[in-house]
Amino acid sequence: QGGRLRTKTTSGDPLAMRAFLASTTVLVVIVIWSANFILDPKGAFVVGGQQPGRQIDFQQGLGNVQHQSPSILQQPATVMQQALGMRGLICFGMGFGALAALARRTPGVSRRAAGADIAVKEKTESKPVAYLDNIPRSIIDKKTLDKLLATLPREQWDNPPEDSYLNTLKAYAETYGEGKATKMGWWDFWYLRINQPNEDGMMSMADLEKADASIRQMCKGEIPLYVPGPAGFGTMLGLFDSGAIFKWRGAEPFAGDLVQTPVTDGGFAKQFIDNCAFYREGLKPWQRGLEIGMAHGYFLIGPFVSLGPLRNTPEAATVGLVAGCALIGIVSVGALLLGATIKPTLFDKKGDSPAAGWQEMINWHALGGLGGAGFAHALITVFGA
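Going by the numbering used here, the sequence shown opens with residue 19, and the numbers climb by one from there.
Among the hints, erroneous ones may be present.
Unchecked claim - Taking lysine-lysine pairs in the PhoX-like style, the calculated list, with each CA pair at most 25 angstroms apart, reads: (1) K228 <-> K238; (2) K265 <-> K302; (3) K161 <-> K238; (4) K160 <-> K201; (5) K160 <-> K188; (6) K188 <-> K161; (7) K198 <-> K188; (8) K165 <-> K228.
Unchecked claim - Quick list of the computed label-pair ranges, beta carbon to beta carbon: (9) L328 <-> A229: 37 to 45 angstroms; (10) D176 <-> G274: 25 to 33 angstroms; (11) E196 <-> G274: 55 to 63 angstroms; (12) K361 <-> P327: 36 to 44 angstroms.
Calculated from the structure, these hints are not laboratory results. Owing to the predicted nature of the structure, the values given are computational and were not obtained by experimental measurement. Note that beta-carbon positions come from the ideal geometry of N, C-alpha and C, so glycine has one too.
Given only the sequences and the hints, what does the whole structure look like? Please build it.
So, in structure tokens, the structure goes:
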């Protein structure tokens with residue numbers, strides 16, 4: 019509005035234009051007289067009614083003008099005609115007209131353009147979408163509305179998607195207002211209140227695009243690898259994105275037992291598991307059982323010795339040995355019952371009865387467990403303080 023008012027005052031007000039013309043006329047006449055007096059004191063112009071070849075003195079002519087004309091501001095046309103002559107007056111008029119047209123056109127156009135820009139900007143900021151004019155501040159404030167509009171492209175503002183809260187505001191504007199319903203039902207009010215977005219909790223357009231890309235990536239069977247770390251450093255649950263992506267979905271998308279993880283399908287994990295005694299190739303059943311039993315018996319007595327109720331007594335190592343051997347016996351009995359019922363044939367040779375290799379491995383597992391527990395007890399007894 020300020021731009022339009024300034025443009026109207028400068029280019030459309032008759033009083034302002036008349037003052038502009040009068041001041042410009044006086045300035046131009048003074049400049050022409052000064053140049054005429056400096057360049058040729060005898061006068062470069064002749065009076066309109068004078069015979070050719072007859073010139074008048076500039077000072078005399080100026081005195082006659084001052085004597086005959088009461089004021090140059092009151093009668094500028096008469097004074098210019100007497101001083102400049104008809105030809106000079108025509109030249110002066112042409113020059114002044116060009117100057118006035120230029121001075122009038124250029125600022126007016128720029129001011130009108132500036133006023134139009136201001137009007138368009140104000141209209142865009144205050145009324146981005148037509149149906150938002152009737153939305154009161156109690157429904158949504160300006161900051162939240164601006165952030166809500168930023169979550170959608172501008173071409174979707176007039177027809178927002180159904181999962182956007184902007185669609186709810188549009189439905190409100192089409193239902194309530196002047197010439198429409200004036201009393202809101204309790205369900206509409208409750209729905210608006212519980213679904214009212216929060217400015218701080220609202221995601222930006224970039225965050226929404228990032229979340230959508232992450233969901234689409236997981237639907238393809240790919241997921242980023244997160245590494246656990248200390249919490250409180252801008253991460254949720256202390257998980258840090260390593261930047262690596264692994265394919266969790268197997269050959270059959272709907273088979274849960276084919277899900278791949280870095281632990282079960284990683285190169286290091288596979289090599290580590292393959293080198294364990296249970297899966298290592300080339301070993302006999304008794305060798306597998308002996309190695310597994312010695313490893314378990316060796317570390318099983320440690321918790322009983324260090325954390326048992328008799329940990330501060332001289333009998334702590336002996337109690338730990340007894341408890342470890344009892345646990346090895348319980349595990350061995352359970353494994354034998356498994357072989358007798360399910361009869362796994364994983365370590366059977368050709369011609370053997372079912373579960374023969376399994377029973378052989380478990381027998382040597384019990385022997386190795388007792389040996390490992392005894393070896394650990396001897397180390398504790400000899401080297402323990």
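Hints, one by one, checked against the model:
no. : hint                              : result
1   : K228 <-> K238                     : 16 angstroms, holds
2   : K265 <-> K302                     : 36 angstroms, violated
3   : K161 <-> K238                     : 37 angstroms, violated
4   : K160 <-> K201                     : 24 angstroms, holds
5   : K160 <-> K188                     : 16 angstroms, holds
6   : K188 <-> K161                     : 18 angstroms, holds
7   : K198 <-> K188                     : 14 angstroms, holds
8   : K165 <-> K228                     : 17 angstroms, holds
9   : L328 <-> A229: 37 to 45 angstroms : 57 angstroms, violated
10  : D176 <-> G274: 25 to 33 angstroms : 45 angstroms, violated
11  : E196 <-> G274: 55 to 63 angstroms : 58 angstroms, holds
12  : K361 <-> P327: 36 to 44 angstroms : 41 angstroms, holds
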